[in-house]
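Let the sequences and hints guide you as you build the complete structure.
Top line first, the protein sequences correspond to chains B and D.
If you want our numbering, it's the 1-based position in the first sequence plus 13.
If you want our numbering, it's the 1-based position in the second sequence plus 3.
Any given hint could be a false lead.
As the list claims (entries may be wrong) - Among the chain B residues that face chain D by a calculated CB cut under 10 Å, a handful are:
{"hint": "1", "residue": "LEU47"}
{"hint": "2", "residue": "PRO92"}
{"hint": "3", "residue": "PHE97"}
It is worth saying that the hints were derived from the structure and are not from the lab.
Heads up, the beta-carbon is just placed ideally off N, CA and C, and yes, glycines get one too.
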Amino acid sequence: MTTHTLKPGVWASLEHPEYADPEDSTFVAFLGILAVMFSLAMGVVVAVKTGDLWAQDAAARAADKVRAGQIGAIQAWNPAVLLFGISLLMTSVVLVLRRIIKTIQARGEAMVANLPRLISTTH
Amino acid sequence: MSIGTLTAGGARLQSVPYKSDDLPQKMAKYLWLPMLAMGLMAVVIGLGAAISAGINIGDFFSASDAESLKDASTTMAWTSATIFLGMAFILSSITMLLVNIVRTLRDTGHDVQVAVRAGEVTQLRKPLTGRLIPVVMMMGLMIVIGAFVVGIVQADKLSGIPAGGIADTATLQGQDLADYGTVQAFDAWVGPLRLFGLATIFASIVLALRTIIQAIRFQGQRIQELAGGRFTPAA
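Spelled out as structure tokens, the structure:
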């Protein structure tokens, strides 16, 4: 005999107030966008500092270790921050997909509970 | 074996008797979370290492410490490789969740058919896009893992070069010069290779989305078919 594959109670869990506000995925996406924007801003900072460095003559440029060090340091970690932000955005996609799966399960549960009765009424 | 064909707008969606998960679907069911966890871990480790490399570069410029520059160069070689590997794991996790959506659509379809006492409990015959998903995803993942190994090789070669040589490449000679040249040559193609690997995993996501469209269409057509009188309504 074929039995149902769905676990009961998914529909009820979707009626929980927490479900109405998908703040977990939104929050993670917000953090991701923040990291990407920060990386972009740091890119602009590096561009300005590099411009300043190269505006000097050769001797002054060679002596300007502070600015060269700042540029090198930012260039070392800035791409990692960008990729970290993108990874957070991808994680928010994962959270949204989990929510979609739960919604499909709830829809199935509702159909299983109501469709037979609905069809027998209309026939 | 195909037991029926549904038609809509000229397209033909084949149905087969309901069956449980095959191996790729079982893997998607159980592996999406470990993949996500490993991916996030790799990205966080990579970010931490990149910050450490930045500090080392600062030390080099402030104290002219060649060892710091060598440490930074070595770290940066495997940092990018690790972060891209993490991103590949996260993207694979997304592909697996999309496969889980297809699985959920199939299972809910099964339950609805059982509930309305359909004569035959059927599901969509796995389309070509569905069969290609695991192949394309694994291919992309393998490419990124290959690029990760290249990153480790780069880091290994850099660690064998004297610190003074990395600070002033004009002083490099013999095997050290050859190793440095190899690292630079790898740099030219390993970046595009990593992106190609991620793009391949993205292609598997597109395939999964196309499969979901087919599954949703099949459900609509199956309901139409059931409403056509080929079932016994519940009493």
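How the hints compare with the structure:
1. For B/LEU47, the suggested interface contact is broken, since its CB lies about 14 Å from the closest CB of chain D, more than 10 Å.
2. Of the supplied interface hints, the one on B/PRO92 holds, with its beta-carbon coming within about 7 Å of a beta-carbon of chain D, less than 10 Å.
3. With a least beta-carbon distance of about 5 Å to chain D, the hint placing B/PHE97 at the interface is held under the 10 Å criterion.
This entry does not satisfy hint 1, going by the numbered hints stated previously; all others are met.
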